[in-house]
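Following the hints, put chain D in place on chain Z, whose structure we already have.
Chains Z and D supply the protein sequences, listed in that same order.
Heads up: the first sequence begins at 0 in numbering that gives the first Met the number 0, then just goes up one per residue.
Heads up: the second sequence begins at 0 in numbering that gives the first Met the number 0, then just goes up one per residue.
Calculated directly from the structure, the hints in this document are not laboratory data.
No residue lacks a Cβ here, since even glycine has one placed at the ideal position from N, Cα and C.
Possibly wrong hints are sitting among the right ones.
Unchecked claim - Some chain D residues close to chain Z (C-beta under 10 angstroms, calculated; not the full set): (1) K13; (2) T226; (3) M227; (4) M230; (5) L231; (6) E431; (7) I432.
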Amino acid sequence: MMPDPTQQGKAETKEWKPDVDMPVVYFQGVSKSYGRIHALSNITLGLSGGVTGILGMNGAGKSTMFKLIMGKLKPSAGEVRLFGTDPWKNPAPYVKVGFVPEHEKMHDWMTALDFVSTFARLHGMTRDHAEKEAIRVLDFVGLSDVVNKQIGQFSKGMRQRTKIAHALVNDPELIILDEPLQGCDPLARTTVMNVIRELGKMGRTVLVSSHILSEIERITEQIIILHQGKLVALGNLHAIRERLDEIPHTIRIVGDDARSLAKDILDHPAVFGLSFPSNTELLIQTYHFGSLHSELPKLIVKNGHRVTLIDNPDDDLESLLGHLTGGGA
Amino acid sequence: MSDKPTIWRALDRKAMAVAEFTLRQQRKRLSTWVVMGVGFLAMAVLTMFYIDSMMRDYDAIDNDGDSSDFDMDGYPNGQEVLYGTDILDPDSHPGLLNPSIPPDDPSKWINEDDFDIESLASGSYGYDDDGDCRTEEKTASQQDTNSNNIPCDVRITEPSYYNGFSTAILSDRGVDEDPDDDAYAKESIHRAFVLALGKFGFVFLIGIFVPLFMATGLVRDEMTSGTMHYMLSKPIARSEVFLYRILGFLGLAWPYMTGMVVLAALVTGFFGPSDGFFRFSDLGVWMAVLLASLLAVLVYAMLFCLLGVLWKHGIILALPFAAWELGMILTTLGAPDAAILRFSVIGWAMNIVDAGAALAWTDTSLLIELGLWGGGSNNAEPLTGSLALQIFASDSGLGLTPLVTIVVSICVMLFQAATCWFVGGALFKSKEID
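Chain Z on its own, in the form it takes in the complex (with noise of 0.2 angstroms):
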């Protein structure tokens, strides 16, 4: 057979079928060890459209999952089915696959059009339908007037933009994007967490990972939360939530004046405690999160207040792990 320099025709690799009866992404008894570490054990679940957010701290074991979801890791025990298929023998099931890996590192010396359009022709897909299906994408994550830019001179939350650009150009079915709001400023951020809830809505399956809660609270409700390997919760976040409000919990702002803030804040009924770290920056201890989380947005602005930073610090997700698995935090 002849190859095809001009890359012009249309064709279409040979059709993969998946298998219908399975979940997207199926885990049978996975363990994934290396020596003695079990950095997953013994996982069975299985998901399938809507957006799940998989929640751990650092080494709970949300990359290994993504890893033997694409067939990066071989599990070392259990069985992993992507589309029905074991994706460590078989790498057709990502032709309906978008993959965002957590590595910082990029190609630097390619354009984002280049960096998406290269690997779409991966695909199978002409340079030419690469190209349109690239800017597509690019223009879906607010990338579009970058496209000619060299991914070297972006910022953080440019670059992660562009690698779920990548991701997507394939119209992919399942979409997995690990830790895709790290490092990103809020205006980024808040893109992403659109992006991602654009693509619920429209029916595909999105597994996303953070190790914040707050992050996950504002992208879904369905989420699974890991620690050391293990399968602690899944399922619905308000049932978590419920739970989650009856356990203290700290809010920080960094503003110009913490202390004025700080004299608005006091009188809501949900805090209990506050105290000042340095000058711009205020902690709030209340027992009721959610309600003052959603009412604190009014009462700065009501004030005039000047904020840069709203952030619920990590021991959120501690607190609830430690509530889960009984230890207390």
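Same frame as chain Z, but now just chain D:
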């Protein structure tokens, strides 16, 4: 066929995408240009030595001693022999003949009886240019001291038990005994250089070191840096990635190699000894060198890429292999038929070069023998250039005709490359990527 969607079409799109990506990636790296630049400089320096050796004059040596004048009568010995006068009697010289012959400048009796390789007639060589054999003074048996029934010629015997399995050169006394040292030196140094640069410069040095520095990390670097995740999360088999990465590397290395060989062919073609303005007779050798070096780059790239996949410090595995290949290329010079060469890459590549040289220069072994013989007088030293040519020229070692040798060697090297791909792809497939 052109519009039919096929798996092949999708495959070659992926191949083009990965190969093009790899090519562009290599082009962006400084190390690529450093490696290629150093390779070019090394070859350029070697070529400088060659140009120097072609520009200089080699001393004309009176190999048969007939420019001396033993009886001091002003007539060189050669001239006296030609006219039948006594070389030891000052009162006997051609000036006393009728008509009187004026004495020759002694330099006319240096290099006066050159090798006549091309005057090939019924298995005999040589022509008595200075007439000291064909002189009427000599009887028929004196004119045929090598007893092949051809007067005043050079007889070349096939290797046999009686002469220690080497070619023996037997000349009728006085034939081809004072060769043109300068012409011989230039011809043999030229051939020696073409073979040396082709074998050691292109096939060995560039053929090994460009893949060593550029192909060992083709897959491994991406595995280490984490960028391999982008490629491997696409529907493409890992052995395909392995192969297409190599293709991209070849897209840079092959044109580079071709350019260097063409440049060398041009320089040596213009500077080498020839009747016209350009030595077309070398082109066959250069084509063999090009073929051998392209195949060597292919096999080494596959092998080193495999070693890179096998271990993250694959270059440490590749270096002993390069040393092994150096040993093997040295072996091809002395013992081209050694069985151990079959377990090397370079042994097969050398077969191609030697077979190409055998096709393009049919008389190389004769040239070497004649140079070592040096004219046949008892104190004759090997001529300048003959030892160099003897070192770098060798038989192809397979005992087959040159064309068959080339075909067999190509097949073996392609098989070696395919094996490395197969093993490398399987290894890559079994690697977990973190």
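Outcome of the hint check:
Taking 10 angstroms as the C-beta cut-off, the interface hint given for K13 of chain D holds, the closest approach to chain Z being about 5 angstroms. Given hint, T226 of chain D at the interface with chain Z, holds; its Cβ is 6 angstroms from that chain's nearest Cβ, closer than 10 angstroms. Taking 10 angstroms as the C-beta contact cut-off toward chain Z, the hint placing M227 of chain D at the interface holds, the least distance being around 9 angstroms. Using the Cβ-Cβ criterion of 10 angstroms, the hint placing M230 of chain D at the interface with chain Z is satisfied: the shortest such distance is roughly 7 angstroms.
Annotation: interface hint on L231 of chain D holds; nearest CB of chain Z at approximately 7 angstroms, less than 10 angstroms. Using the Cβ-Cβ criterion of 10 angstroms, the hint placing E431 of chain D at the interface with chain Z is satisfied: the shortest such distance is roughly 5 angstroms. Hint status for I432 of chain D: holds, given a least beta-carbon distance of 4 angstroms to chain Z, under 10 angstroms.
Hint violations for this structure: none, all hints satisfied.
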